[in-house]
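Residue numbers (my numbering), protein chains in the order written: chain A, 1 to 470; chain B, 471 to 560; chain C, 561 to 857.
Calculated directly from the structure, the hints in this document are not laboratory data. Heads up, some of the hints might be wrong.
[Unchecked claim] A partial selection of chain A residues facing chain C, derived with a Cβ cut-off under 10 Å:
#1 I51
#2 N53
#3 L169
#4 Y172
#5 D209
#6 V211
#7 L213
#8 L374
#9 R376
#10 Q402
#11 G404
#12 E436
Glycine included, each C-beta is placed from N, C-alpha and C at the ideal position.
So the chains spell out like this:
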Amino acid sequence: MSRDNKVVATLSDAIRRSGLKDGMCVSFHHHLREGDRVLNLVLDECARLGIKNLKVNASALMACHRPILKRIKDGTVSHIECNYMHKAVGGPISKGLLESEVIFRSHGGRPAALTRGESVIDVAFIAASTADRAGNCNGREGKAAFGSIGYAMPDAEMADHVVIMTDHLAKYPLSTASIDERWVDSVVVVDSIGDPEKIMSGTTRITRDPVGLLIADYAAKAILASGLLIDGFSFQTGAGGISLAVAHYLGALMREEKITGSFASGGITGTLVDLHEEGLFEKLLDVQCFDRDAVASIGKNAMHREISASTYASPASKSAVVDHLDVVILGATEIDTNFNVNVHTDSNGIIMGGSGGHSDTAAGSNLSIIVAPLMRARLPLIVDRVSTISTPGSDVDLLVTQFGMACHPDNDELRLRLLDANLPVFSMEALKDKAESLTGIPVRRLPEGRRVASVISRDGVLLDTIKSRV
Amino acid sequence: MKLLNHAKAGTLESGDVFVTVTPGEELLIHLDSPVKEQFGDAIMDLVRKVLEEQEVTSGTIELSDQGALDCTIRARLITALERASKGDVS
Amino acid sequence: MKRSLLFIPGNRPNMIQNGLVLPADALIFDLEDSVLEEEKDAARTLVASALSSLDFGLKELVVRINEMSSPHALKDIEAVVPAGCESILLPKTEHSDDILELDRWLDTVEQASGIPPGSTSLILLIETALGVEKAFELAKASRRVKALALGAEDLAADLGCERTGEGTEILYSRTRLVIAARAAGVEVFDTPFTDTYDEQGCFLDTVFAKKLGFDGKLSISPHHLAPIHKAFTPSQEALENALEVQQAMQEAQREGRGAVALRGRMIDMPVLKQAERVIQWAKAARMLKGEADDESR
């Protein structure tokens with residue numbers, strides 16, 4: 001290996017060169033989503049090399065990362081930090097598989113912790129769908145293309161040692177260096193960084209469920225009533241069926257009222273790309289591509305800009321995109337009468353999610369709207385106290401369900417505007433009562449075992465803890 | 471109501487409950503539900519109440535619940551009991 | 561005035577629950593075509609249970625029972641009327657005798673369950689050539705009859721023609737039904753649009769139906785509610801005009817006059833009647849302040 005050629009023959013070589021030892025921290029991004037092969041590959045190799053007690057700092061753990069449970073059992077992995085954990089991993093963790101406590105952060109809190117030195121990455125393993133011999137890389141070209149590599153950018157800049165893993169080595173110099181060679185220590189070429197079929201969910205779809213559409217329609221009308229829907233409007237929404245439907249209805253309103261938005265941000269989907277290409281949003285700020293349309297767009301459109309997680313949401317940055325956001329559409333597994341939102345655990349207190357960008361966008365945006373059905377298979381959404389606080393109620397402005405909406409009591413102006421627009425506004429308690437009049441009052445038994453996770457706010461403060469289910 | 475034959479009602483669709491009823495010597499109620507923890511007791515109380523109303527004192531009642539509301543559980547159970555009291559062998 | 565009447569398959573608990581929130585003016589819980597023969601008992605019990613336990617708010621509650629010639633109709637009535645069904649939609653209506661028999665059954669059931677006699681109304685679904693021919697007579701057969709409705713899919717089959725998008729084959733049946741309904745003094749609802757995801761097509765079909773004089777439209781999909789309401793909801797301007805007309809006529813009548821000039825235009829009874837229709841639709845669309853749903857706040 002030399003300064004002009006950092007390609008090493010095998011992953012094993014790369015790990016040895018990195019100086020990775022017992023107890024150190026390794027990091028991964030989740031841009032390959034359910035198609036990721038890299039995290040499992042690296043941890044398996046670490047196990048083979050006999051490295052123990054690693055800290056894994058992953059932006060998210062998906063269902064395909066289930067093999068990490070084996071690495072926990074054999075002692076390769078002893079600590080986990082992440083912003084999201086799929087139930088496949090979260091279930092066993094909730095049962096107490098890991099002796100240490102998982103540290104949950106958010107997409108903005110993770111880079112902030114790195115900046116502040118609260119988190120340290122010894123070796124970052126960054127999957128890139130294309131890279132050159134110096135380590136310039138991106139997620140746009142190659143068979144496993146995934147678009148924006150935003151979550152990995154802080155890792156590249158702040159980890160002690162950076163390994164780029166790719167299955168497509170291109171000629172030097174790469175035209176688009178989302179991650180620049182100046183951060184990179186070595187490059188490893190593997191057969192496949194991920195399964196292209198599972199990386200992208202093809203096209204993300206707007207829900208066809210009439211109840212979901214009703215919720216989305218109410219949310220769009222609430223945005224219109226808020227007074228924020230004027231030229232320069234900025235917007236973010238998720239990739240779920242209802243969230244996308246909100247974008248769809250919003251688009252119709254913007255067309256009617258002839259409004260031009262300044263930007264749409266976050267996880268970018270084909271729906272947002274369409275609105276941008278139609279001229280309804282001037283720019284797209286992309287920290288993650290959710291579908292093929294978004295990947296195609298980022299590669300060919302200068303107005304569709306890739307952003308680092310630090311730029312997107314870090315409170316340690318001098319400013320972040322979330323601070324400029326007018327409206328964000330978010331989900332919830334539970335919400336309580338103080339508007340605290342839970343996206344970490346289910347009704348039984350079992351880990352099945354995580355903040356992602358939830359707490360960041362809720363904190364930064366002018367108007368944060370939670371869209372969710374009032375009950376899911378008889379389980380009411382609204383509880384007296386959430387089993388885990390993911391986003392504090394003070395950052396949540398409005399809940400929209402099919403039975404009506406509830407506005408945070410501190411936001412009188414919004415409430416009056418919604419009532420003026422003839423929208424169905426109720427108190428949170430009234431919505432809770434409505435749900436319970438249909439479902440009955442649920443018996444709630446929250447986990448009582450030892451602490452298995454800490455939820456750290458984006459500012460580095462302990463927000464809540466998650467206990468194990470005995 | 472006297473149970474004469476095995477019968478079923480409902481479906482496994484979300485919001486529904488699949489109920490089977492079989493004549494028997496003892497009263498046995500078996501509930502499978504994704505919300506067993508939250509509503510298991512309430513559902514069992516409802517089932518017992520309906521059985522009492524319908525004057526059914528023995529038999530095996532199996533419920534495979536998909537988050538059905540009380541009005542649906544009641545309806546499906548009554549339909550299954552009525553079908554079980556016909557004496558049909560189907 | 562009901563702009564929209566949404567069919568809900570009676571054996572689907574999930575869809576019945578959706579009925580709690582969908583913005584239809586009326587819900588039609590169906591025990592007939594959407595329910596398999598061997599599930600008729602289950603559907604009837606489910607709908608009755610839902611009607612008696614769930615709060616559907618201000619929506620009108622209608623049940624489409626099975627044909628009078630089937631073994632189910634009486635059992636359907638006995639289950640749903642005591643449970644809170646407000647109107648019965650009678651399918652394939654062709655004979656006044658059937659209506660009279662239904663009338664008598666309803667008398668009995670209402671009395672047995674302590675419901676005010678005569679409070680259950682009838683909507684007649686006209687789906688055959690014979691039904692169209694006899695529409696006026698059927699509409700007058702009982703005081704319970706408050707509306708006629710057109711079921712064009714079965715009708716087209718009976719007429720021996722194919723259903724088309726532009727609907728020329730059912731044009732006569734549509735206008736004939738409007739005439740029969742008006743002559744009998746009852747309301748009239750148009751046939752459902754059938755392409756679930758074609759919202760624009762549904763809107764145009766409904767605009768046409770409104771032009772022909774229909775009061776509202778049957779719907780087989782929640783996706784059709786928005787276009788149906790858009791077609792039947794008057795513009796703010798049209799509503800203001802209508803209210804002006806109503807006020808002008810009220811003043812004229814107080815002064816013993818039968819007509820009045822309003823901004824150079826003569827307003828008399830026919831104009832007033834049109835204005836009143838507009839106001840009725842506006843009320844259904846909750847456009848009038850003070851008519852707002854007091855469940856809010």
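Here is how each hint holds up against the structure:
1. I51: For I51 of chain A, the interface hint is violated, since the closest Cβ of chain C sits about 51 Å away, which is over 10 Å.
2. N53: violated, 49 Å
3. L169: violated, 46 Å
4. Y172: violated, 50 Å
5. D209: Result: holds, 9 Å to nearest chain C Cβ.
6. V211: holds, 6 Å
7. L213: holds, 8 Å
8. L374: For L374 of chain A, the interface hint holds, since the closest Cβ of chain C sits about 9 Å away, which is under 10 Å.
9. R376: violated, 12 Å
10. Q402: holds, 4 Å
11. G404: holds, 8 Å
12. E436: violated, 13 Å
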